[in-house]
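Asker: Sequence:
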Amino acid sequence: MILEEAWKVMATTKITSTSQLLLIYLLCFEDEIVQISEIKLSERLGCSKRTIASAKQELIRKGLLEFKRKGFGNIGTYKLIIPPADKVEQEIHEKVTESSVPSSDIPTLHEFVNYAKTLPIYDSSLDFFVTSKYQSWIDNGWKLLIGNGKTPIRNWKGSLRTAMDAYKNKGNFKSVLPTIQRPLSTYNEEYR
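Add 12 to a position in the sequence shown, counting from 1, and you land on the number used in this note's numbering.
Keep in mind that a hint or two might mislead.
[As the list claims (entries may be wrong)] Below, simulated EDC-like cross-link-like pairs (lysine to aspartate or glutamate); rule was C-alpha separation at most 16 Å, straight line:
hint, residue 1, residue 2
1, Lys91, Asp43
2, Lys145, Asp177
3, Lys169, Glu123
4, Lys169, Asp117
5, Lys61, Glu50
6, Lys68, Glu50
7, Lys91, Glu44
8, Lys129, Glu78
9, Lys82, Glu50
10, Lys91, Glu70
11, Lys26, Glu70
12, Lys180, Asp135
13, Lys80, Glu55
14, Lys80, Glu50
15, Lys162, Asp151
16, Lys80, Glu70
17, Lys91, Glu78
18, Lys68, Glu78
19, Lys180, Asp139
20, Lys91, Glu50
21, Lys145, Glu123
22, Lys129, Asp177
23, Lys129, Asp139
[As the list claims (entries may be wrong)] Using C-beta positions, here's what the derived DEER-type ranges look like:
hint, residue 1, residue 2, range
24, Ser29, Arg166, 27 to 37 Å
25, Ile150, Ile51, 52 to 62 Å
26, Arg62, Pro132, 48 to 58 Å
Because the hints were derived from the structure by calculation, they are not lab data.
C-beta atoms are modelled at their ideal positions from N, C-alpha and C, and glycine is treated no differently.
Build out the structure end to end from the sequences listed, making use of the hints.
Answerer: Structure, rendered in structure tokens:
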């Protein structure tokens with residue numbers, strides 16, 4: 013039962029593969045509380061102590077593990093905390109809802125185009141670019157496709173201004189390739 017819950021939690025929670033390995037290894041013990049050193053963990057799992065320590069910290073941050081150091085050295089007590097999978101899914105849904113951009117911050121196409129026309133860089137050749145940029149942002153859930161995949165657009169006016177500037181000036185950057193002179197050879201190349 014607890015193994016099934018752990019699989020569901022690992023499927024819905026973003027954790028590294030090393031953290032998953034540590035979680036599964038600790039689940040293999042019959043006891044709820046496991047007492048083992050980081051050195052033994054690193055030997056048995058084939059990872060460095062530093063990797064084990066970072067995996068342990070990640071599981072603690074995610075609320076899946078409690079750790080207490082016992083005595084001197086690296087011996088510690090590990091206690092797994094596997095919440096029900098439906099609770100984890102609910103928390104993830106709440107986080108996604110909180111981080112979404114409110115729909116009141118998304119302008120209409122008319123507002124978007126009118127703002128673009130007020131910018132000094134605007135000319136009529138950018139009409140298609142502005143409307144396609146609006147449509148692509150709407151299709152992506154009002155997010156930019158940069159960095160980790162989808163970053164919410166917080167300041168659409170600044171993002172539009174930057175995009176228009178980059179689009180308008182993309183042809184103005186000419187890369188000058190240097191002329192490379194071949195080195196003089198030390199032998200006569202005619203006989204080659």
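Asker: With reference to the structure, classify each hint as holding or not holding.
Answerer: Here's how the hints hold up against the structure:
{"no.": "1", "hint": "Lys91 / Asp43", "result": "9 Å, holds"}
{"no.": "2", "hint": "Lys145 / Asp177", "result": "13 Å, holds"}
{"no.": "3", "hint": "Lys169 / Glu123", "result": "11 Å, holds"}
{"no.": "4", "hint": "Lys169 / Asp117", "result": "11 Å, holds"}
{"no.": "5", "hint": "Lys61 / Glu50", "result": "6 Å, holds"}
{"no.": "6", "hint": "Lys68 / Glu50", "result": "10 Å, holds"}
{"no.": "7", "hint": "Lys91 / Glu44", "result": "6 Å, holds"}
{"no.": "8", "hint": "Lys129 / Glu78", "result": "57 Å, violated"}
{"no.": "9", "hint": "Lys82 / Glu50", "result": "12 Å, holds"}
{"no.": "10", "hint": "Lys91 / Glu70", "result": "14 Å, holds"}
{"no.": "11", "hint": "Lys26 / Glu70", "result": "10 Å, holds"}
{"no.": "12", "hint": "Lys180 / Asp135", "result": "10 Å, holds"}
{"no.": "13", "hint": "Lys80 / Glu55", "result": "20 Å, violated"}
{"no.": "14", "hint": "Lys80 / Glu50", "result": "12 Å, holds"}
{"no.": "15", "hint": "Lys162 / Asp151", "result": "12 Å, holds"}
{"no.": "16", "hint": "Lys80 / Glu70", "result": "15 Å, holds"}
{"no.": "17", "hint": "Lys91 / Glu78", "result": "5 Å, holds"}
{"no.": "18", "hint": "Lys68 / Glu78", "result": "9 Å, holds"}
{"no.": "19", "hint": "Lys180 / Asp139", "result": "12 Å, holds"}
{"no.": "20", "hint": "Lys91 / Glu50", "result": "14 Å, holds"}
{"no.": "21", "hint": "Lys145 / Glu123", "result": "13 Å, holds"}
{"no.": "22", "hint": "Lys129 / Asp177", "result": "13 Å, holds"}
{"no.": "23", "hint": "Lys129 / Asp139", "result": "9 Å, holds"}
{"no.": "24", "hint": "Ser29 / Arg166: 27 to 37 Å", "result": "32 Å, holds"}
{"no.": "25", "hint": "Ile150 / Ile51: 52 to 62 Å", "result": "54 Å, holds"}
{"no.": "26", "hint": "Arg62 / Pro132: 48 to 58 Å", "result": "53 Å, holds"}
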